[in-house]
Amino acid sequence: MDLSLEINGRTEELSVDPGVTLLDALREKLGVTGPKKGCDRGQCGACTVHVDGRPVLSCLTLAATVQEPVTTVEGLADGESLHPVQRAFLDQDALQCGFCTSGQVMSAVAAVEQDVDDVREFMSGNICRCSAYPNIVAAVEQARQAG
Amino acid sequence: MRSFELTAPTTIDDALGSTGTFLAGGTTLVDLMKLDVLTPQRVQNINGLPLRGIDTSDGLRIGALERMSDVAANPGVYPAISRALLQSASQQLRNMASIGGNLMQRTRCGYFRDVDKPCNRRDPGSGCPAIEGANRMHAILGTSDACAATHASDLAVALVALDAEVKLVSTDGERTVKLADFYMQPGQTPEAEHDLREGELIGEVVVPKLDWATNSTYVKVRDRQSYEFALTSAAVALDVRGGVIADARVAAGGVATVPWKLGVVEDVLRGKPATQETFEAAAALAAEGAKPLSGNTFKVSLLKRTIVRALLETTEGMQL
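Residue numbers (this note's numbering), protein chains in the order written: chain A, 1 to 147; chain B, 1 to 320.
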């Protein structure tokens with residue numbers, strides 16, 4: 001199937017089988033490797049991207065069904081200037097191995113935008129095998145206070 | 001994933017006039033296709049169909065394609081429903097999953113999801129390893145010797161408590177079914193899960209107007225505090241007047257093969273003082289007829305305590 005996807009503000013034309021997920025289209029077809037393939041079953045959150053500004057799991061999203069703009073971790077920074085959430089993850093040392101981090105950051109951006117009451121609850125769909133959770137929560141709080 | 005044909009009908013008639021598994025949020029279907037549990041040859045992406053809208057002006061009407069997160073965030077939605085939604089899955093999944101799809105989700109039984117294992121629900125007549133196997137998460141109510149898989153939806157429990165109906169659309173017109181009657185217990189045919197016929201689609205969920213359902217809640221007990229399926233759950237609405245329970249709605253989840261309406265508990269509550277003693281007496285009947293398996297006898301007492309907890313929550317802060 002021939003598709004046109006808007007990825008991080010750029011229109012990308014690609015051809016995929018119907019069963020190709022947004023995650024595989026991004027990574028394998030478009031070289032956008034920020035979203036990670038962890039479980040590939042919608043359980044770990046490493047593949048989290050925004051579709052139309054909302055976090056979704058790109059491993060359970062068929063590429064051919066995506067109509068709205070997609071934002072990945074690559075689309076957050078403004079040139080060399082990091083997004084406040086990325087800055088906060090660095091400041092708070094909110095990672096160890098870093099594999100889950102792009103997904104964590106995408107959910108954290110939504111947590112800040114929505115000014116959520118319960119950060120831990122909101123972030124529960126992003127698993128961190130290194131268990132950097134306290135620092136991840138601290139990063140979300142820092143980014144929230146940075147406004 | 002096996003190859004399949006993907007279409008995107010734009011009208012309900014187009015969708016119902018052709019064959020193919022319906023895809024909305026994809027959180028169940030794509031997952032189970034990757035596992036080879038479902039292997040449709042044709043998939044219809046129905047996200048373009050006009051089945052949207054949340055109307056809270058007279059009870060509650062929810063278009064089947066509305067997303068869980070949008071329904072949960074609507075301030076006009078009864079608390080039991082929004083709390084059930086907010087305790088379901090993760091925020092990413094709630095952004096994806098539709099209301100119709102939530103009601104049609106398949107069981108999380110590990111044997112159902114593993115095509116290398118027998119499962120009467122997936123492969124009729126092949127057997128049920130859960131009856132003698134890993135069954136801690138399984139049902140204690142509505143089971144048979146052929147299947148004891150739980151129904152996984154939290155939303156459906158809240159909807160059954162509040163006597164919700166589903167509007168089913170087909171090329172022949174519409175019919176409305178009470179959600180409590182929509183789901184079928186496994187018996188000897190666990191593959192038959194619901195009353196949705198070939199060529200039908202869930203169009204809308206309708207919750208009858210119930211003013212006092214603003215005093216309702218959903219309590220979910222699970223192994224983790226978040227992002228986990230229920231061990232037990234209870235949806236409760238209570239109408240308390242002058243310390244006396246005028247009316248009640250109660251249903252349970254995590255314990256049964258279908259969302260479990262507890263009319264017997266409602267009956268005991270009506271007309272009694274809204275006290276913990278009443279709640280415990282009513283909840284004592286919740287597990288009537290339960291057949292616990294080797295790994296889940298704990299659910300009998302946990303279910304009763306979950307219902308008491310939910311009832312106490314709905315009377316918190318009241319002058320009784």
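Derived from the structure by calculation, the hints contain no laboratory data.
Heads up, a few of these hints could be off.
Unchecked claim - Which stretches of chain B does chain A cover? Using the computed rule of at least three CB atoms under 8 Å from a CB of chain A, they are:
#, region
1, 4-17
2, 87-96
3, 138-150
4, 264-271
Glycine included, every Cβ here is placed at the ideal spot set by N, Cα and C.
Structure-based check of all given hints:
With 4 residues bearing a CB less than 8 Å from a CB of chain A, the region 4-17 of chain B meets the requirement of three and the coverage assertion stands. Taking a C-beta to C-beta cut-off of 8 Å, the region 87-96 of chain B contributes 7 residues in contact with chain A, enough for the three needed, and the coverage statement holds. A stretch counts as covered by a chain when three or more of its residues have a beta carbon under 8 Å from one of that chain; for the region 138-150 of chain B and chain A the count is 0, and the coverage is violated. Given as covered by chain A, the region 264-271 of chain B fails the check, having 0 residues with a CB less than 8 Å from a CB of that chain where 3 are the minimum.
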